[in-house]
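So the sequences go chain by chain: F and H.
If you count the first sequence from 1, position 134 lands on 135 in this note's numbering, and the numbers rise without skipping.
If you count the second sequence from 1, position 68 lands on 69 in this note's numbering, and the numbers rise without skipping.
Quick caveat, the hints were computed from the structure, so don't treat them as lab data.
Each hint should be verified, as a subset may be incorrect.
[Stated by the list, open to error] Residues from chain H that face chain F, not an exhaustive set, calculated with beta carbons under 10 Å:
#, residue
1, A48
2, K186
3, L190
4, A191
5, G192
6, D195
7, P372
8, D374
9, Q379
10, F395
11, S417
12, N418
13, G420
A virtual CB, placed ideally from N, CA and C, is assigned to each residue, including glycine.
The chain contents come next:
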Amino acid sequence: MNAHVPDTFLTLSSALTGFTEETLIFAQQTADFYAVFEGAYGADTLAQLMQSFQSAVGEGNSPQQAAAHILDETQDKTLAEAARALIVFWYLGQIKSTADPTVLHIPSANFFKQGLTWRAIQAHPPAASTQQFGYWTTPPAALSDFL
Amino acid sequence: MSISRVARSGATIGFCAAVTLGLSGRDGLAQTNDVSLAPDMPADVIAGNPIGNYEDYNIYSWLSFVALNWPVGENGQPDVNSIIGQNGDNSTVWETWMEDYQILVEDGEVPPTWQAPRAVPPVCGNTKAQSGPSRTIRHVSSKTGAVVSLTNQADAGPLIDQNGNYVRYEILFNEIMYNYIVQNKLYTLAGLSDISEINFPAGASPFGNEGATEVKASWKILGKGDDPSRFHVATSYVYDQAENTCASEMLGLVGFHIATKTNSAPQWIWSTFEHIDNAPDKGNLNTNKHYSFYSSGCLDNGSTCKANQLPEMPWNPTQSGQTPVQVVREAQINGTTTRINAHFQGALKAVNPHSVWGNYILVGTQYPQKPSDPTDPQGRPFPPYLANTTMETFLQGEVPTSSSSCIGCHSGATASNSGKPTDFTFILSRVTAKD
């Protein structure tokens with residue numbers, strides 16, 4: 002599954018979002034965050050993001066430190082902006098449209114459903130619950146289970 | 002190889018009729034002896050990594066399909082001295098199982114004993130059978146309303162084939178499920194209220210040797226343009242409860258769902274098979290092949306034949322010559338599945354080139370990737386969407402909550418008199434007997 006998604010995209014995304022790679026893999030199964038991001042920001046930008054992450058890790062930084070390095074605008078503003086856009090995309094399912102870059106859009110209902118925001122608040126997207134009848138009588142799972 | 006098998010009591014696994022498959026490719030599967038045509042149900046898939054291996058689940062599905070369609074011998078047991086399809090077609094193990102309507106009894110009645118002969122509705126008694134119908138296709142629907150009927154799909158409407166005939170649906174379950182339902186009196190509203198949690202056996206239990214298994218089959222009436230030698234065929238009474246009509250028809254199996262509860266899959270494993278003549282893939286419509294549910298001519302004459310649209314109302318299965326539904330398969334079958342299909346079809350055709358069973362393909366297997374995820378009681382199903390063109394015709398696609406997910410929809414099944422989950426089966430959503 003998702004043979005086309007490079008591992009580095011997942012480790013980078015995990016470091017940027019704070020969610021586990023497993024959660025991202027599940028999301029990626031219905032919403033192709035990788036391909037859509039590549040379409041909107043270009044293969045070059047994406048390759049640069051992954052490369053800069055990988056080399057920072059290669060120099061002995063933790064994934065979190067490597068992510069912080071990419072997000073540092075004083076280093077490379079374009080790259081930092083792309084990294085921020087990737088975070089927004091994972092959390093909200095929202096990305097700039099290729100037709101009109103000034104407009105943010107949600108590519109499909111699956112991106113809405115898989116947005117990490119819902120998990121961050123230990124909830125589920127409106128109208129797309131996987132819970133069973135009566136779930137509201139029990140407390141939600143721990144935050145750590147949602148990550 | 003990470004599929005375990007269950008031994009039927011009194012039968013050994015290493016029977017001589019096994020046909021060995023030459024599956025090559027991934028490591029584990031090179032041990033060919035495990036992937037053979039056999040009458041034993043596979044017991045479970047041992048998940049190889051956190052999210053499981055799709056190939057193993059698809060092999061599990063095929064092993065189940067072969068075991069359930071094995072020639073039936075005494076008492077509904079597989080006949081271990083014959084091989085599936087050796088004479089082209091054969092009557093099968095699952096067709097001797099209990100039908101849903103047999104346990105959906107009236108007030109005060111008890112379900113028949115396991116393997117008791119099925120009662121034929123009186124109106125069918127007047128029908129001349131071609132060769133002794135093997136059973137009656139019918140559903141009980143009139144009392145609880147819209148959940149199910151003889152011809153309506155779940156949450157949708159009927160499928161009409163190219164000859165203008167309605168597809169019929171049938172639901173059956175194994176002895177383990179039967180024992181669990183009967184011993185807990187789940188065929189009554191009182192029984193459904195009394196039980197604290199409905200939890201069907203997932204493996205060997207006091208109710209029997211295997212896990213609970215249920216099937217849903219779709220049948221088309223074989224008629225003009227259909228070649229009966231390509232189908233698994235059953236001569237059946239087709240009974241329409243609302244109209245109180247009955248006809249003896251030759252039916253061809255066009256779709257087959259299997260759901261089995263296992264220890265690794267408390268959300269059950271969901272397999273779905275189809276006949277290869279059902280409908281073309283969306284991306285491959287320029288075809289002159291004869292399909293049961295698709296006409297290329299329909300496209301040529303520029304008429305309105307939008308794919309996968311519910312037929313016009315009113316729906317009446319007893320009326321013939323209605324406008325067919327134009328069906329296409331929205332999602333191409335995954336490459337892993339296609340490869341496994343080719344292997345099993347090859348093995349079935351090696352037994353007999355005219356084996357009808359070689360004309361069926363697995364569309365996919367939905368299983369929980371993370372069965373005990375506290376954030377998702379559905380266990381993160383993979384693939385997220387799965388549909389059979391004859392059973393979820395109108396729910397194909399990839400739209401959250403409305404497109405077909407077997408686990409997604411079945412996890413919402415509740416007892417007919419409360420919100421109590423029925424452990425993924427809709428059979429208990431249609432119980433009406435008080436006690």
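To see whether the hints hold, each was checked on the structure:
Against a cut-off of 10 Å between C-beta atoms, the interface hint on H/A48 is violated, since the closest Cβ of chain F lies about 14 Å away. Given the 10 Å rule on beta carbons, the hint for H/K186 is violated: about 22 Å separates it from the nearest Cβ of chain F. For H/L190, the interface hint is violated, the least distance from its beta-carbon to any beta-carbon of chain F being 17 Å, above 10 Å. Against a cut-off of 10 Å between C-beta atoms, the interface hint on H/A191 is violated, since the closest Cβ of chain F lies about 20 Å away.
Contact between H/G192 and chain F, as hinted, is not supported at the beta carbon level, the nearest pair being about 19 Å apart and thus beyond 10 Å. Against a cut-off of 10 Å between C-beta atoms, the interface hint on H/D195 is violated, since the closest Cβ of chain F lies about 18 Å away. Restraint check, H/P372 versus chain F: the minimum CB separation of about 13 Å is more than 10 Å; hint violated. With 10 Å as the threshold, the beta carbon of H/D374 comes within range of chain F, its nearest partner Cβ sitting at about 7 Å, so the hint holds.
Interface hint status for H/Q379: upheld, as the beta-carbon distance to the closest one in chain F is roughly 5 Å, under 10 Å. The beta carbon of H/F395 comes no nearer than 18 Å to any beta carbon in chain F, farther than 10 Å, and the hint placing it at the interface is violated. For H/S417, the interface hint is violated, the least distance from its beta-carbon to any beta-carbon of chain F being 13 Å, above 10 Å. With a cut of 10 Å, the hint placing H/N418 at the interface with chain F is violated, because the nearest CB-to-CB distance is about 13 Å.
With a cut of 10 Å, the hint placing H/G420 at the interface with chain F holds, because the nearest CB-to-CB distance is about 4 Å.
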